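Q: Chains A and B, in that order, give the protein sequences.
Using the working numbering, you'd call the opening residue of the first sequence number 98 and step up by one each time.
Using the working numbering, you'd call the opening residue of the second sequence number 757 and step up by one each time.
Because the hints were derived from the structure by calculation, they are not lab data.
As the structure is a computational prediction, the values presented were derived from the model and not from experiment.
Just so you know, even glycine gets a beta-carbon here, dropped at the ideal spot from N, CA and C.
Please note that a few of the clues may not be correct.
[Stated by the list, open to error] Stretch by stretch, here's where chain A covers chain B in the computed footprint (C-beta under 8 Å, at least three residues):
| no. | region |
| --- | --- |
| 1 | 816-826 |
| 2 | 884-895 |
| 3 | 989-997 |
| 4 | 1012-1024 |
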Amino acid sequence: MNFLSFFVSRLGKALVVVLGVVIINFFLIRLAPGDPATVMAGEAGAGDAAYVAQLREEFGLDKPVVTQLGIYLKGVAHLDLGYSYRNHLPVLDLILDRLPATFLLMSGAFVFSIVLGVLLGVIAARTRYENRRRWIDSAVMSGALLLYATPLFWLSLMAIILFSVVLGWLPAFGMESVGAGYTGLARAQDIALHMVLPTVSLGCFFMAVYVRLTRASMLEVMGMDFVKTARAKGVPARRVIRVHVLRNALLPVITFAGIQLGQMAGGAVLTETVFSWPGIGRLMFDALLQRDYQLLLGIFFVTSALVVVFNLATDILYRFIDPRIAVGGREAAA
Amino acid sequence: MTSFLRRYCRNAGAVAGLVVLLAVVAVSFLAPLLYEESPWMMVADPLIHPFADTAYPFGTDMLGRDITAGLLYGARVSLLVGVVSTAVALVFGILIGAVAGYCGGRIDDALMRFTEFFQTIPQLAMAVVIVAIFNPSIYSIVGAISVVSWPPVARLVRGEFLTLKQREFVQAAVVIGQRPLRIILTQILPNAMSPIIVSASFMIATAILTESALSFLGLGDRNMMSWGFMIGAARTMIREAWWMSVWPGVAILLTVLAINLIGEGLNDAMNPQLRRRGE
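The task is simple: from the sequences and hints, build the whole structure.
A: This is the structure:
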């Protein structure tokens, strides 16, 4: 299959997922207890009959459900995600305003988790395979097991207690010092300092996943014949690991990297809530507190769309890294 | 059965996990006997430090509620939500996976697209949206967790069915004219049970983590004290009262860790060949 038809079929799949999310959103509001218009308006609109009436008309609530769905889809296709009554702003504007902060946090956590996770996974696999200093392997794996069981939001709180309250090394809340008026490099430094705790807390769980994945995959590849051949012909151990084993062992890691972003989007809600990070996760928490359902569903839609885009990117990357993989091959690897 | 137990007991971590889990289960049953008062009641001075007063070994929160009572009652909610939502997700996942794997063809294609869709969208965000829209209650929480956790089961069961379907004993059952439903239930499913049981144990652990995250965000059942809610309430008191957030977190960590260890122990005991291969 050539690249273009591969790309088109993947894009088609991605669009179907996005459409599915829109339809879920549509039905969630109608399945919720009460009139969709009052649900949409939330508690905010309870006292404002005019607003509820306006919503009713906007959504065509007197028309059949299929027509209503049509109206809704048309709105989303025009990037109209509704209006946040609480914030007096269109939902899309609110989300776009917060997106950069979330991107910053997620890309930081992504890089942190994958770099450290793969590194620790390689070290663990190597010490286990060579049967020297096996305690390193045990220590890394126990650490990963512990992180697997730790609630993300609790880890964040504990990090604040230790590094901000007790030691006073790092700022605990926000993205930059309020009112400090830093510019240029000083501002970048300030943001970087604020980023440390949220990034590490968000990345820790995923790091544990990468450690286990990399280690298992490395150990599997290490047992293969071509690795034995390489060792037998006298390739230095380091080179065997780096060139022969790691390159082949990284495929499942890349598969997971695509999946991870979806989970990370959820994790960001928790991390941003704890650290008052001004991204869409925090916005989602505020929308929950204010019962601003238009905003809530808008954020759900945007995060899903983002995940779909990232998945598409991983699929394409995957095809470049391993041309053997056909379109359906990803399931076998997952 | 005895050889299974022996293999399980060879794994020290799995045994430790089982002991911890049994303790948590015991505590959750004893909670109403040990603490007749609701954990929401203000019973003492606010912010008693842990270990300072023997009547309140884990201290009290900012409203004078007993943290020990909260921890005991929280165990009930965590276990209840973990087990029930996993059971619901299992039933649904097995149903979808069995039909897809057994029927194959277009039905399989359609069902797997459906499954993939639910696997792609961000799970926690979806759970948050569902619980918020349907108002937080134990039912909406269990429902939301089930909705986001069935897809891996469906894929697992489908895979098992695809291979088992080809085996001779299943072919034999087809030849002697057993009905598909009977073949699925009595021939294939029992042979696919061990990976399902292992993944169920990990699902319970994940469900407990998700429940705690939901109640941390204020989406817990208003009538039930839960560990996630306790940590959420402690968030604003982090400078004054570290213990309020520490203990419930340790409780979650221990419970989830114990269940994960049990899952790994079950996996080793059920697939001894895998163990010997060195993985």
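Q: Each hint should be assessed against the structure and marked as holding or not.
A: Structure-based check of all given hints:
1. Using a Cβ-Cβ cut-off of 8 Å, 0 residues of the region 816-826 of chain B lie near chain A, which falls short of the minimum of three, so the contact claim is violated.
2. Evaluation of the coverage hint for the region 884-895 of chain B: fulfilled, as 7 residues show C-beta separations to chain A shorter than 8 Å, against a requirement of three.
3. Coverage of a stretch by a chain is defined here by at least three residues with a beta carbon nearer than 8 Å to that chain's beta carbons; for the region 989-997 of chain B and chain A the count is 4, and the condition holds.
4. For a cut-off of 8 Å, the count of residues in the region 1012-1024 of chain B with a CB near a CB of chain A stands at 4, and the three-residue condition holds.
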